[in-house]
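Add chain B to chain A, keeping to what the hints say.
There are 2 protein chains.
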Amino acid sequence: MTEQQQNPSHAPSRVSRRYVLGAAGAAGLIAGGAGGAFGAAQLKEEPTALASVGSSSVPFYGNRQGGITTPAQARGHLVAFDLAAGAGRKGAAALLKRWSRAAEEMTAGRVPPGDNQIALDAGPSSLTVTFGFGRSFFAKTALAKQLPDALAPLPDFPSDELVAAHSNGDLWVQIGADDALVAFHALRVIQKEAGDGAARLRWQMNGFNRTPGATAEPRTARNLMGQVDGTDNPKQTDATFNERVFVPSSGSPEWMAGGSYAVVRRIRMLLDAWDDLSLERQEKVIGRRKSDGAPLSAGKGGTETTPVDLDKRDADGLPAIAADAHIRVAKPESNSGAAMLRRTFSYHDGFRDDGAPDAGLLFVAWQADPLKGFVPVQRKLDGGDGLSRFLRHESSGLFAVPGGAGKGEYVGQRLLES
Amino acid sequence: MTEQQQNPSHAPSRVSRRYVLGAAGAAGLIAGGAGGAFGAAQLKEEPTALASVGSSSVPFYGNRQGGITTPAQARGHLVAFDLAAGAGRKGAAALLKRWSRAAEEMTAGRVPPGDNQIALDAGPSSLTVTFGFGRSFFAKTALAKQLPDALAPLPDFPSDELVAAHSNGDLWVQIGADDALVAFHALRVIQKEAGDGAARLRWQMNGFNRTPGATAEPRTARNLMGQVDGTDNPKQTDATFNERVFVPSSGSPEWMAGGSYAVVRRIRMLLDAWDDLSLERQEKVIGRRKSDGAPLSAGKGGTETTPVDLDKRDADGLPAIAADAHIRVAKPESNSGAAMLRRTFSYHDGFRDDGAPDAGLLFVAWQADPLKGFVPVQRKLDGGDGLSRFLRHESSGLFAVPGGAGKGEYVGQRLLES
Chain A
1 MTEQQQNPSH APSRVSRRYV LGAAGAAGLI AGGAGGAFGA AQLKEEPTAL
51 ASVGSSSVPF YGNRQGGITT PAQARGHLVA FDLAAGAGRK GAAALLKRWS
101 RAAEEMTAGR VPPGDNQIAL DAGPSSLTVT FGFGRSFFAK TALAKQLPDA
151 LAPLPDFPSD ELVAAHSNGD LWVQIGADDA LVAFHALRVI QKEAGDGAAR
201 LRWQMNGFNR TPGATAEPRT ARNLMGQVDG TDNPKQTDAT FNERVFVPSS
251 GSPEWMAGGS YAVVRRIRML LDAWDDLSLE RQEKVIGRRK SDGAPLSAGK
301 GGTETTPVDL DKRDADGLPA IAADAHIRVA KPESNSGAAM LRRTFSYHDG
351 FRDDGAPDAG LLFVAWQADP LKGFVPVQRK LDGGDGLSRF LRHESSGLFA
401 VPGGAGKGEY VGQRLLES
Chain B
1 MTEQQQNPSH APSRVSRRYV LGAAGAAGLI AGGAGGAFGA AQLKEEPTAL
51 ASVGSSSVPF YGNRQGGITT PAQARGHLVA FDLAAGAGRK GAAALLKRWS
101 RAAEEMTAGR VPPGDNQIAL DAGPSSLTVT FGFGRSFFAK TALAKQLPDA
151 LAPLPDFPSD ELVAAHSNGD LWVQIGADDA LVAFHALRVI QKEAGDGAAR
201 LRWQMNGFNR TPGATAEPRT ARNLMGQVDG TDNPKQTDAT FNERVFVPSS
251 GSPEWMAGGS YAVVRRIRML LDAWDDLSLE RQEKVIGRRK SDGAPLSAGK
301 GGTETTPVDL DKRDADGLPA IAADAHIRVA KPESNSGAAM LRRTFSYHDG
351 FRDDGAPDAG LLFVAWQADP LKGFVPVQRK LDGGDGLSRF LRHESSGLFA
401 VPGGAGKGEY VGQRLLES
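First to last, the protein sequences are chains A and B. Mapped onto the working numbering, the consecutive letters of the first sequence carry residue numbers 1 to 418. Mapped onto the working numbering, the consecutive letters of the second sequence carry residue numbers 1 to 418.
Next comes chain A alone, as it looks inside the complex (with noise of 0.2 Å):
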């Protein structure tokens, strides 16, 4: 399900292309949008207009919220707040509502008085606001009750070279938008609205994937190691994806119903060292071509979506993919079915002392259950990934993201009224 069709009564201003394509087999249900009378096939066949890339919109309402399911934009700020001592459940409550407001605002591309106009000209730009809340929320607003199972602390990884100053937090916000200028508006509005003795800013991190139209068509992300990266990612065609992402209506606890759990990672990746392998050693380590994302099994052949078959031999009798290939530790069949949404972007924050780049990947993993996403699967990757001795893993958290909010409603508002 997209978030278009959660929301059917929400006309976008005009549809991208992008959207459309992603949207699988949705395209009756937005090409009524106000931009016009396209059909989808004819969206498919004519370029959109630039200005598209403005004016696409994500509805803000509905029964998930957005920034899940939404295709990665070209902009993303991941940022964590502490409630202010003394803000309580009451605080909590005052400052979601006023996220929320102020989300819709901006979703919807409109400026409330006295805002301080950064995103003015652009359209909402495919903005997303998604808001979450870590473990030590429950406690500050007296709602340990309502503390999910599901945010048990992570395991400690052996590996994990994790800063606490930039990991965890009662509140966690993420931001994506396909213009920059956009995003940072967005950070700055949620930054103020927290600022009036809610909450604190305890980290923030900026991250970037491709501009819409760099490639002819929507192509998965290569990350900046130079890999396709989200090839093997649940579709949202698949018949378990949503079991697997979402919390269902019958959840537990209630407030989580048609919510997601987020792992946020800051993986710092060792590009000097990765850029020293030959290819062929970078694609044994991934156990796919670098150049197209072909698994290593089909040869010299196949595609980014040929199956991977993890038994094929090579000539010398040896497995076409190694033992501690990434996809071999990384795929569910080797994780008892385990399956996580990645939905990533790249960070640059310049030079470390050393000279190598401050880069990586700011990882975000959504799935109904970490137990059964994220943990099992980093714990087989932390000791068994060649491609771990290339990445460390420096911030982390975990937050229970509620589902959307209903028209008149604030995300959230099921559990801080609850």
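Misleading hints may appear alongside valid ones.
[Unchecked claim] To give an idea of the interface, some chain A residues facing chain B are shown, with a C-beta separation under 8 Å as derived from the structure: (1) D178; (2) R210; (3) K290; (4) S291; (5) G299; (6) A320.
Just so you know, the hints here were simulated from the structure itself, not pulled from any lab data. No residue lacks a Cβ here, since even glycine has one placed at the ideal position from N, Cα and C.
This is chain B only, laid out in the frame that chain A set:
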């Protein structure tokens, strides 16, 4: 002149709408690109395919380097290097050769063997790579006789809060592209080509601008204060544009013919203090209406392009544009006709320890002579500009950017082989 005009032999694979609109009458020369037989009128009427963001290219070879009159891209990296001890003129020439060859390949969207493939899938995305020399370069390469007078150190401005380690440098590279991965790839390649003992990284900054297509049509940029920024820039159609921005072929030293001088300043904005001002106060500080950039002398009417009337009085007999308004102090008429081409990126490097955003402007100003461009303007702004209370100049550099390379040449060859 646009780069395209200087390089009629270059056939971009597809010409984007943005370029056509920026080309000011040059459409006839560029419409014959390999991408198809579009007429200029048709290009202006028809929206361009999203993929044109990726496939737009800026020629590397030409009388002038790219990245000066090229419309500022969505993503930018500014990076300075210092020559390694003992590299000397020979090492510097070899480095500029490698850099030029790599820039030629990358700006054409080609991927050489052994590449790390980060930019793959995307086109050149209007990539430009621009090279300059700092004052300290000349002694280290025994080229002191070729040191331009214009590279005299910038004066100390009283308000400057410069960090020496983030200022100046022997070599400067400006990278811009409309896709963040294409820009990052170029940065990695440039750094790698320097990394074999020829030069070491001195400082590096990341910036951004609006995404192509986020606005309905190309607009003057907004900065992170929310202000329309760049209205008073000289236009390429101005009769005096070339003489203000570029060193003439009769200029001195000879190797700078077709070149320009870049003043680079990292200008942090005190955004919290700025946002605390009322809209009316902000507009008085600038001298323009915030929403659309119209000068306050136009009263409630006017547009961004309405000529500024510095003598205009308001109903109370006070100057409509205050004595310390930014546009009064900065305007060419207030500075003996001084003009520079400002081509900026915004930056946001997270938050400072005090919770304020570490954000502002990567100011890059291009001029034929800094003593007639940046220096006299900044002298006046530094003391008399109401806006300067909200700005902190934290880094500074001045670089001689030589003319472009012809086919088979490398950038700086006329200097290094003089």
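Notebook entry, point to check: Any of the earlier hints contradicted here, and which numbers?
Noted result: 5 and 6
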